[in-house]
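Asks: Residues per chain are reported as follows:
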Amino acid sequence: MRRVLEGSHAVSHAVELARVKVISAYPITPQTHIVERLAELVADGVLDARFIRVESEHSAMAAVIGAASAGARSFTASSSHGLALMHEMLHWAAGARLPIVMAEVNRAMGPGWNIWADQTDSLSQRDTGWMQLYCEDVQEVLDTILIAYKLAERVSLPAMVVLDAFFLSHTYEPVEVPDQDEVDAFLPAWEPTEILDPSDPRAFNQLASPEYYMEFRYKIQQAMEEALRAHDEIDAEFGQRFGRSYGAVRRIPCREGERAPLALVTTGSVTGTARVAQATLREKGTDVDVVKLKLFRPFPHEEVRRVLGPYERVVVLDRNISFGSGGIFAGEIRAALAGLDRRPRVYPFVAGLGGRDITPQTIESIVARALGDEPPADILWEGLKL
Amino acid sequence: MKPVFVRPQSLTDKPFHFCPGCHHGVIHRLVAEAIDRFGVRERTIAAASVGCSVFLYDYFDIDVVESPHGRAPAVATGIKRTNPDKFVFIYQGDGDLAAIGTAEIIHAANRGENLTVVFVNNTVYGMTGGQMAPTTLLGQPTTTSPYGREFGQDGYPIKMTEMLAQLEGVGFAARVAVDTPARLAQARKAVFRAFETQLEEKGMGFVEILSSCPTNWGMKPLEAVRRIEREMIPYFPLGVYKERKGSDAL
Numbered sequence: 262m263r264r265v266l267e268g269s270h271a272v273s274h275a276v277e278l279a280r281v282k283v284i285s286a287y288p289i290t291p292q293t294h295i296v297e298r299l300a301e302l303v304a305d306g307v308l309d310a311r312f313i314r315v316e317s318e319h320s321a322m323a324a325v326i327g328a329a330s331a332g333a334r335s336f337t338a339s340s341s342h343g344l345a346l347m348h349e350m351l352h353w354a355a356g357a358r359l360p361i362v363m364a365e366v367n368r369a370m371g372p373g374w375n376i377w378a379d380q381t382d383s384l385s386q387r388d389t390g391w392m393q394l395y396c397e398d399v400q401e402v403l404d405t406i407l408i409a410y411k412l413a414e415r416v417s418l419p420a421m422v423v424l425d426a427f428f429l430s431h432t433y434e435p436v437e438v439p440d441q442d443e444v445d446a447f448l449p450a451w452e453p454t455e456i457l458d459p460s461d462p463r464a465f466n467q468l469a470s471p472e473y474y475m476e477f478r479y480k481i482q483q484a485m486e487e488a489l490r491a492h493d494e495i496d497a498e499f500g501q502r503f504g505r506s507y508g509a510v511r512r513i514p515c516r517e518g519e520r521a522p523l524a525l526v527t528t529g530s531v532t533g534t535a536r537v538a539q540a541t542l543r544e545k546g547t548d549v550d551v552v553k554l555k556l557f558r559p560f561p562h563e564e565v566r567r568v569l570g571p572y573e574r575v576v577v578l579d580r581n582i583s584f585g586s587g588g589i590f591a592g593e594i595r596a597a598l599a600g601l602d603r604r605p606r607v608y609p610f611v612a613g614l615g616g617r618d619i620t621p622q623t624i625e626s627i628v629a630r631a632l633g634d635e636p637p638a639d640i641l642w643e644g645l646k647l
Numbered sequence: 532m533k534p535v536f537v538r539p540q541s542l543t544d545k546p547f548h549f550c551p552g553c554h555h556g557v558i559h560r561l562v563a564e565a566i567d568r569f570g571v572r573e574r575t576i577a578a579a580s581v582g583c584s585v586f587l588y589d590y591f592d593i594d595v596v597e598s599p600h601g602r603a604p605a606v607a608t609g610i611k612r613t614n615p616d617k618f619v620f621i622y623q624g625d626g627d628l629a630a631i632g633t634a635e636i637i638h639a640a641n642r643g644e645n646l647t648v649v650f651v652n653n654t655v656y657g658m659t660g661g662q663m664a665p666t667t668l669l670g671q672p673t674t675t676s677p678y679g680r681e682f683g684q685d686g687y688p689i690k691m692t693e694m695l696a697q698l699e700g701v702g703f704a705a706r707v708a709v710d711t712p713a714r715l716a717q718a719r720k721a722v723f724r725a726f727e728t729q730l731e732e733k734g735m736g737f738v739e740i741l742s743s744c745p746t747n748w749g750m751k752p753l754e755a756v757r758r759i760e761r762e763m764i765p766y767f768p769l770g771v772y773k774e775r776k777g778s779d780a781l
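So the sequence lines, in the order shown, correspond to chains Y and R. Residue numbers for the first sequence follow the working numbering, beginning at 262 and rising by one. Residue numbers for the second sequence follow the working numbering, beginning at 532 and rising by one.
These are calculated hints, taken from the structure and not from any lab test. Everything numeric in this text was worked out from a predicted model, so none of it was measured. Every residue, glycine too, gets a C-beta built ideally from N, C-alpha and C. Please note that the accuracy of each hint is not assured.
Chain Y regions said to be covered by chain R (calculated; three or more residues, Cβ under 8 Å) [unchecked claim]: (1) 290-299; (2) 313-319.
Here's a subset of chain Y near chain R, in silico, CB distances under 10 Å, partners left out [as the list claims (entries may be wrong)]: (3) Asp305; (4) Ala345; (5) Pro372; (6) Gly373.
Sequences and hints are given; from them, build the entire structure.
Replies: The structure is reproduced here in structure tokens:
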């Protein structure tokens, strides 16, 4: 059924379609609409789930860890400082191999206080063992929640579905909402093999001495590698069933069958802006291929090399920063390309921090700089007001 | 002409951003009156919180440090321990102090930190748009409890003043309201006592102030004020719960 949904509510309805059993969350802007709608769905008996109102995000994540350990498909949502407060528990959820799914609304970290879009919050959670999937539009948000559950349960790792503050969380778009029976066929009930069950007693999350610890970590890495393959399979199955698939890395060529001299790598809602800029630039005589990166963890190294390797120049647009290094996606992409004999020149642009608009003109300016005589650098700033 | 009503010196000229009928403005004024009354403006530092009181730094003509959600008591502890000669107060709402920051306030109180705490309880998360807080009354509808808070799901509203009054580190603990002129006078007195407690080095001075939130309660300002007497005070009784007297210093 086609409905006009706010990005946040697309998450809520996907969670409903996934027949989630336990939800726990704490209010934080701009995530709040997600859990408010879920609270309504539970209170109205539309969604048969427990909604646990806790005193902090740290406890929200701990509560869903408990629920998932007891065998319930579980969900939470957070943003920015809320996500940062969960940090310890994020490691715990991944180490305990629990397939929790979280909606993460990208919002800047303080101080100074800022509630607007910035990816540094989720990217700071890079090493927690959570999978991270970035969304371009509201339809992709809804679909990715469903894909994330299937993926998380397949490889026993938690997954974060990431959407930009306001640009996606508070924007209404027409969305194809799949029927419940179609979703049930795609995403059957979770059948965990290891759960808390007093009739089959066992201990969870026990001490792992140096003799064992490294192998546990190895298994998480193996699961991440398996997740790369599983994501492509599940994404393809989703495409067959629902007519939409996204890929871990998707090339959006300027001209079908041709390769432009420059690839522009984007994530999140900026990809939509890049599509507009691509069309304008083409009219002005500049061909740019857009490469949309959806999967950040596990990082699709091989796919990134395959797609970006043949380009002369690659621009990476980061709405985030790792202080002392630079744009985080750019860092990962440069690391992936480092193994190639012949590498594209990478232009790592940082723009739009703290919700500053990235307009088609911003992208045109970046492209002009990359195609002009911009010297190589480890970080390039666009739109700084100094 | 003799002035009969003046703006406290410790407030700036910036108009409050608060919704019509919200009590934060009145409470800001009481705190500013106390700063003026004790002549501590030049040595006062506030640790502000997250929520509707987040813009404290715009309204008070003093040093203010914004703290992460719930952490103001810990941040203030660091400030006061570094500068014991400074007057340090915290201003927190219930979503901050009684939820995400429960551990910080309890342990700052238990350590007997010489701080003044202004705790504004409006039974709801204000700034994020009216979600259920630990202080939400039974039956009160919120955006995350659309049919009202139920004991079976969410327990009873938490009574912070009663809880903190049990701790030896607290020198003064009171609950007041600002819904009538008489209660406003009592509230002023309590805020002054919470200031004196710090100045006399008698441990934490804690004042809980019941406040309206017409926007998130879905009420007109007058209805919201009436709700304080009708629903809040019966559950959150007003009064001084603890007062360390004269020579019994901490």
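Asks: Find the hints from earlier in the document that the structure breaks and name them by number, from lowest to highest.
Replies: none
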